[in-house]
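Asker: Sequence order for the protein chains is A and B. Going by this note's numbering, the first sequence opens with residue 1, and the numbers climb by one from there. Going by this note's numbering, the second sequence opens with residue 1, and the numbers climb by one from there.
Hints in this document: simulated from the structure, not taken from any laboratory. Hints are not guaranteed to be accurate.
To be verified - In the BS3-like style, the derived pairs of lysine-lysine whose C-alpha atoms are separated by at most 25 Å in a straight line are:
(1) B/K10 with A/K92
(2) A/K128 with A/K217
(3) A/K112 with A/K217
(4) A/K217 with A/K117
(5) B/K72 with A/K95
(6) A/K205 with A/K191
Claimed, not checked - Counterexamples of contact, computed for chain B against chain A with all Cβ distances above 10 Å:
(7) L22
(8) P39
(9) P40
(10) A69
(11) G70
(12) P102
Since we're looking at a predicted model, the values are computed, not measured. Every residue, glycine too, gets a C-beta built ideally from N, C-alpha and C.
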Amino acid sequence: MEIPYTVSARQDTGLWNAKIGIWLFLASEVMLFGGLFSAYIFLRLGAGSVPGYVWPMHVLNVPLGFVNTLVLIGSSVTVILSWAALKLGEWKNFKLWMGLTLALSLTFLVIKSFEYKAKFTHYGVFLKSGEVITGHHLHAADDHLTIVPDEGHGHGAAKGGHGETGKADAAAGHGAEKADAGHATDPATLKGVSRQADGSLRIEKSEVFRYANHGPKYNTFYAIYFTLTGLHALHVIGGALVLGYFFFRGHVLYQKAPEHLANRVEVGGLFWHFVDLVWIFLFPLLYLL
Amino acid sequence: MAHSPEEIRKHVRFYIGVFGALLVLSAITVGVSYIHIGPPESNTGNIAVGLLIATVKAGLVAAFFMHLAGEKPLIYRVLLFTVIFVIGLFGLCIFAFHDDIPALF
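Just chain A, same shape as in the assembly:
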């Protein structure tokens, strides 16, 4: 069956069909991400109403996030250049720019996975006294934990209440670390905590309220961070698959109907710009503010 209006515009809409299709789809995508962004607003406003709570700021790797911002904006430009090359009938330039787009999308995902890994291997131990010890290489035995504590402010320990909310969650936060630097305590002096010969800490489980890596369950911030960036990363993967199809299989359609391929690339590009657009909001909200 021949699909109509792939290149020429319909009389009543003034558009070729895929253009309307992608915009309707993007409208639904706006609602999907809109729902998650409103969840972010809701959680953040709710956190603000808890006395003493500091929403974690600058706890993610800002340089990596910034590089990823540049990578994604760059790929938005290369995808539009590949479309322009098709419009000009320059097949080699199309391959060049589209190949570059794919390379940039892969770069984004690789950087993102390093960021995720850093969070998954970074632990926080919430003590019953309200202190939090953060560090790496956590091992759990029957009655105690061992952890290599973070260097820096408060030697990885910060004062705060425990639980899902409360200041303990802000231990990972910039503000809280700064605030506590003045009266930082050596974690080894805390009840049930002792320093071992190799510099790691031994923490008796009887003093531990809970412990977790900085994954979604660590606190509200990480929950919404992984939800938003995870869904965004899935969109990057989906977009890269579609653009990859144009890159590897585009020549088949190009020989038959180059304008049709150009329109397909434009539609794929529109989705790609949308993914970039979501990141433009995600980066400041999660990394900077």
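Here the structure of chain A is known, so what remains is to put chain B in place on it, guided by the hints.
Answerer: Below, chain B alone, put in the same frame as chain A:
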């Protein structure tokens, strides 16, 4: 949109310009986030500035990369409804936040 080759080449130069603007705005948004803006003991000022820059960047991407500056009316109509519904969604969230359930707090 009928494009002559000259028009497209002109567009390409313009896209590169938009790309430059986006890079500059990205650098500004990072720099500004380390400077406290607005009332003390509150980051409202920083959030406002950060979101303002993000909105300008999103506007550049939507208007030029997504060709929304100069699109057909039907697309605008679809997006008008999208904007209304998104604002409604955010509004619901704000209303819900201000509607405390006394038994829980």
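Asker: Work down the list of hints and note, for each, if the structure agrees.
Answerer: For each hint, the structure was consulted:
A C-alpha spacing of about 20 Å is found between B/K10 and A/K92, which places the hinted pair at or below 25 Å, so the restraint holds. In summary, the hint linking A/K128 to A/K217 is supported, as the alpha carbons are separated by about 18 Å, within the 25 Å threshold. The hinted pair formed by A/K112 and A/K217 meets the criterion: a straight-line CA distance of about 19 Å does not exceed 25 Å. Distance restraint check for A/K217 and A/K117: the Cα-Cα separation of roughly 15 Å lies within the 25 Å cut-off, and the hinted pair is therefore satisfied.
A hinted pair counts as satisfied when its Cα atoms are at most 25 Å apart, and B/K72 with A/K95 does not qualify at roughly 29 Å. For a cut-off of 25 Å, the pair hint linking A/K205 to A/K191 stands: about 11 Å separates their Cα positions. With a minimum CB-CB distance of about 5 Å to chain A, B/L22 fails to clear the 10 Å threshold, and the non-interface call is violated. Every beta carbon of chain A lies more than 10 Å from that of B/P39, the smallest distance being close to 14 Å; the non-interface claim holds.
With a closest Cβ-Cβ approach of about 13 Å to chain A, B/P40 is found to remain outside the 10 Å limit, as its non-interface label requires. Residue placement check: B/A69 keeps its beta carbon more than 10 Å from all beta carbons of chain A (closest about 13 Å). Residue-level check passed: B/G70 sits 12 Å from the nearest beta carbon of chain A, beyond 10 Å. Chain A leaves B/P102 outside its interface by the beta-carbon criterion, the shortest separation being 14 Å against a cut-off of 10 Å.
Taken one by one, the earlier hints fail for this structure at numbers 5 and 7, listed in ascending order.
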